[in-house]
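Protein chains in written order, with this note's numbering: chain A, 14 to 189; chain B, 14 to 189.
In case anyone wonders, no lab produced these hints; they're calculated from the structure.
Hints should not be assumed to be uniformly reliable.
Copies of the same chain are indistinguishable here, so a pair counts whether it falls within one copy or spans any two.
[Claimed, not checked] In silico lysine to any residue, SDA-like type, Cα no more than 20 Å apart, as pairs: (1) K76 to L91; (2) K118 to R72; (3) K117 to F61; (4) K117 to N75; (5) K118 to E73; (6) K118 to S60; (7) K117 to S62; (8) K166 to Q65; (9) K182 to A139; (10) K117 to E45; (11) K142 to I78; (12) K182 to F61; (13) K166 to M14; (14) K46 to T125; (15) K32 to N75; (16) K118 to S62; (17) K118 to Q59; (18) K141 to T58.
There are 2 protein chains.
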Amino acid sequence: MIILGLDPGTATTGYGIIKTTIPKHLPQDRNEKPKVIDFGCVTTTQSFSAGQRLEIIHREINKLIDKHKPDIISIESLYFFKNLKTVMPVSQAKGVIMLAAAQKKVPIFEFTPLQVKMAVVGYGRAEKKQVQEMTKQLLDLSGFDVKKKSRKKDDASDALGIALCAVLKNPTFDLS
Amino acid sequence: MIILGLDPGTATTGYGIIKTTIPKHLPQDRNEKPKVIDFGCVTTTQSFSAGQRLEIIHREINKLIDKHKPDIISIESLYFFKNLKTVMPVSQAKGVIMLAAAQKKVPIFEFTPLQVKMAVVGYGRAEKKQVQEMTKQLLDLSGFDVKKKSRKKDDASDALGIALCAVLKNPTFDLS
Numbered sequence: 014m015i016i017l018g019l020d021p022g023t024a025t026t027g028y029g030i031i032k033t034t035i036p037k038h039l040p041q042d043r044n045e046k047p048k049v050i051d052f053g054c055v056t057t058t059q060s061f062s063a064g065q066r067l068e069i070i071h072r073e074i075n076k077l078i079d080k081h082k083p084d085i086i087s088i089e090s091l092y093f094f095k096n097l098k099t100v101m102p103v104s105q106a107k108g109v110i111m112l113a114a115a116q117k118k119v120p121i122f123e124f125t126p127l128q129v130k131m132a133v134v135g136y137g138r139a140e141k142k143q144v145q146e147m148t149k150q151l152l153d154l155s156g157f158d159v160k161k162k163s164r165k166k167d168d169a170s171d172a173l174g175i176a177l178c179a180v181l182k183n184p185t186f187d188l189s
Numbered sequence: 014m015i016i017l018g019l020d021p022g023t024a025t026t027g028y029g030i031i032k033t034t035i036p037k038h039l040p041q042d043r044n045e046k047p048k049v050i051d052f053g054c055v056t057t058t059q060s061f062s063a064g065q066r067l068e069i070i071h072r073e074i075n076k077l078i079d080k081h082k083p084d085i086i087s088i089e090s091l092y093f094f095k096n097l098k099t100v101m102p103v104s105q106a107k108g109v110i111m112l113a114a115a116q117k118k119v120p121i122f123e124f125t126p127l128q129v130k131m132a133v134v135g136y137g138r139a140e141k142k143q144v145q146e147m148t149k150q151l152l153d154l155s156g157f158d159v160k161k162k163s164r165k166k167d168d169a170s171d172a173l174g175i176a177l178c179a180v181l182k183n184p185t186f187d188l189s
């Protein structure tokens, strides 16, 4: 099963693709780490109009879906009261991601930051750094030079955490 | 010049298409009313997933652009502090509309509710009904049975007001 995790944003949308070999409906063996297939960021600059930036995000997410054929997409829910200024552009970015998922018929699951923290660290008030560290521990990152891979490591790392959350929250993958 | 006005929403996106015969860079003759070409609503029901609803909105806006070939799109800006509950779904709908405009290379202009009220009624605290009434007065609605045309008249009427705002705010159409 392939999971595409996404941390949406207008300037930077982090993505992380992980693969688990656990068959459907079987309890997950926690010793078998999900393998990281790829991670990185879709970035857009202010030299583009808001519409053009959304067009880039939509196109790049489409490319990721075509390339990696995820079984599900896992995306972070927004807490608008935490991000009053960014809620509108981030929601617009999320809108075109939800559109891409619907057009490609990939089911999309949303998790709140609290759910991600609870699933990955086991503690709802965990720091961002702790989530990123645990994400690294829980995933098989062999083949990646994590430091070199991405300039915007944080967003990509968050996206891997969101992908991992989908696995941990649904250990049997009974996502139907 | 053809203007597509849009009042975005997940359940109902109102649209209104108007046409002015004023040539570019010439002051507008206020006695020549812009002609209403079409108006109505794109509606989606809760029986669809959020992604499917966005897909319907994106597809229907694309159809409107293909059919009417607007020179510009005029859309209402959101005031998030007025609509805390709906800001996320409405922004997502707006995101896929902005995407459609960018994909079709139609310039998009945003107007706040205050700008629409000022332009159409001349008074920033005008009631919704006043804006709708003035919109009707200022547009050439010949050929339409307004009462019959749309079940969700309000959203379509708002969209016509938003389209009209673009004309009134840019009487010379120097939109470059």
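**Prompt:** Which hints, by number, does the structure contradict?
**Reply:** 1, 8, 10, 11, 12, 13, 14, 18
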